[in-house]
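Novice: Now for the letters of each chain:
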Amino acid sequence: MSKFSGVDYFNIDGLLSEEEILIRETVRDFVESEIIPIIEEYARKGEFPMHLVGKMAELGLFGANLPSEYGGSDMNNVAYGLVMQELERGDSGIRSFVSVQSALVMYPIFTFGSKEQKRYWLPRLAKGEKIGCFGLTEPDYGSNPGGMVTKAEKTEGGYILNGAKMWITNGTIADVAVVWAKLDGRVKGFLVEKGMKGFTAPEMKGKHSLRASVTSELVFDNVFVPESNLLPNSDGLKSPLMCLNQARYGIAWGVVGSMMACYHSSLTYAQSRVQFGKPIAGFQMTQQKLVYMVTEITKSQLMNLQLGRLKDSGQLRFQQVSMAKRNNCDIALDIARVAREIHGANGILDEYPVMRHAANLESVKTYEGTHEMHTLIVGEDITGLPAFN
Amino acid sequence: MNIAVCVSHVPDTTTKIRIAADKQNIEQQGVSYILNPYDEFAIEEALKLKEKNGGEVVVISAGGETSKETIRKALAMGADRGVLLKTNGFVDSISLAKALAEEIKSNGSEIVLMGKQSIDYDNSITAQAAAEILGYGCVTVCVDLKIDGTKVIAEREIEGGREVVETSLPVVISAQKGLNNPRYPAIKGIMEAKRKPIAEKDAALGKVHTVLSELKLPSAKNPGRIIGTDSSAVPELVRLLREEAKVI
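If you read the sequences in order, they're chains X and W. For the first sequence, the working numbering gives the first residue as 1, with consecutive numbering after it. For the second sequence, the working numbering gives the first residue as 1001, with consecutive numbering after it.
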């Protein structure tokens, strides 16, 4: 396939700073040479490519938007979004790893953690020496996390945790889990470390999606967590939702990378696949599909950019993130399916990235707030009437 | 150790070249520019030398305002400061070497690294000419470099093998693919690069030796020929490869 040089139909690069472009190009080069050549094999094996962790840390991808004092790079949110976009052009599972490490582990430790917790964990997580995961969702509480049954009870010198979490990215390979549990009926965050007695994290098998990513259960059977592992500034369900808002922001950007991968593969394929004596790109129905793709990509790019500028200026509302996450995931999945059609039967082979993206996006559309929940968040915002409680 | 790296801002290798109406330039629309790939090896080697021995790495590029993007990338990889020698339009290689040598001399750099050629004009002259003007030693097409004190031991790629040469500082080295694996600029480096200085001055090009008359596209390739579809075509194929294409 011809080399990927970005999709920029509206000269959106003209709205980016030199530094934002350089960050994007760097991650694009990294994805091109380190992720794309190996990812199909790992997806087929159902394994996360662990060897990428050190390389991604060296690039500075973990917690890059945090202050340099804690191992970050003070990167702005638009650049962060572009990093997510490029990573997800490689694979949603790889982007998920970085999202979790940065937005769901480093962010809550930075935001709700004590000085000691920040000093200990953040530089290690930034360097990839430690891996983190985030435990909110439970087997019976997905869209309704407030109903969680995992609970913490005060005991001498700490807390006793009981309960279970499900659908936890990185769970089995994590050194630390940011776990949300009810303490006297109020949601609080705890840092549960690998090896704590009674804590296990078995991997969930049999996934048809995000195969190059580790998904786990977290089980807490009378786990003693010392007082120093409570995130002291976490308070109520709002705290984990703040984390999810960070991650959803990254997803809104990330899926544009999947769209670009599917579009690029489709365009290249359609220009070289000859039927009835001419490339199929020359047929009206194929052109209609390609034009749909590039138009939707352009719309999502513009939406994301404004989302990022709002976030950087402190004006972003979480409902706006919901709209972008909802729209972009929905469109990305649709683009992947249309891309499969353009590729004909070839589209089902892993010689092309299309089917892997399509399968991944089924998860991405659902995790971090389902399509339906984001619809209702925006619905409530514009009507003033909540439809889900 | 005072190290200078000379870099070029060149069209991306995937660019489809179109000649502008004045035949002096290529059409700029839709062309993205990159750091000359051979120069990446030069930067990486400079950074490794600096990490080992300390000192400063200065990046010098001759070109227009947009060449700063390429200097910035080198700074993001870890170079300390940049110098843009401003030029306008076509510059012949000897004049370019003279301008670079002038800057290198004023900077007092003892080790000068650059790619073995830039992938746009492909002259492969600048390193040798700069070394001559400076009175420095010169090793071209370098694939391995060891510097110990003032002693320089370098391996060059030659037809069918390698040549090991020895020289001493000061020296100009032109880098070939294989010298090292260039690092990615880390995000921290990119963020720091904007605070690193880029000095701008007019390039001291001196006497112009060569002027550009016109740019032309290569002539269109001859269409392919099918001489058969089974093994019976092999003898004819071999004959054509030998007598017509002269490749075997």
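Do not take every clue at face value.
Partial pick of chain W residues on the chain X-facing surface, computed with a CB cut under 10 Å [unchecked claim]:
# : residue
1 : 1013
2 : 1072
3 : 1188
4 : 1211
For the record, the hints were derived by calculation from the structure and aren't laboratory data. In this text, a Cβ means the ideal position worked out from N, Cα and C, and glycines have one as well.
Novice: Does each hint fit the structure? Answer for all of them.
Specialist: Going down the list of hints, with the structure as the test:
Below 10 Å, beta-carbon pairs count as interface contacts, and residue 1013 of chain W has one with chain X at about 8 Å; its hint therefore holds. This hint holds: residue 1072 of chain W has a C-beta 6 Å from the nearest C-beta of chain X, less than the 10 Å allowed. Using the Cβ-Cβ criterion of 10 Å, the hint placing residue 1188 of chain W at the interface with chain X is satisfied: the shortest such distance is roughly 4 Å. Interface hint at residue 1211 of chain W: violated, since its Cβ lies 33 Å from the closest Cβ of chain X, which is beyond the 10 Å cut-off.
In summary, the one numbered hint that this structure violates is 4.
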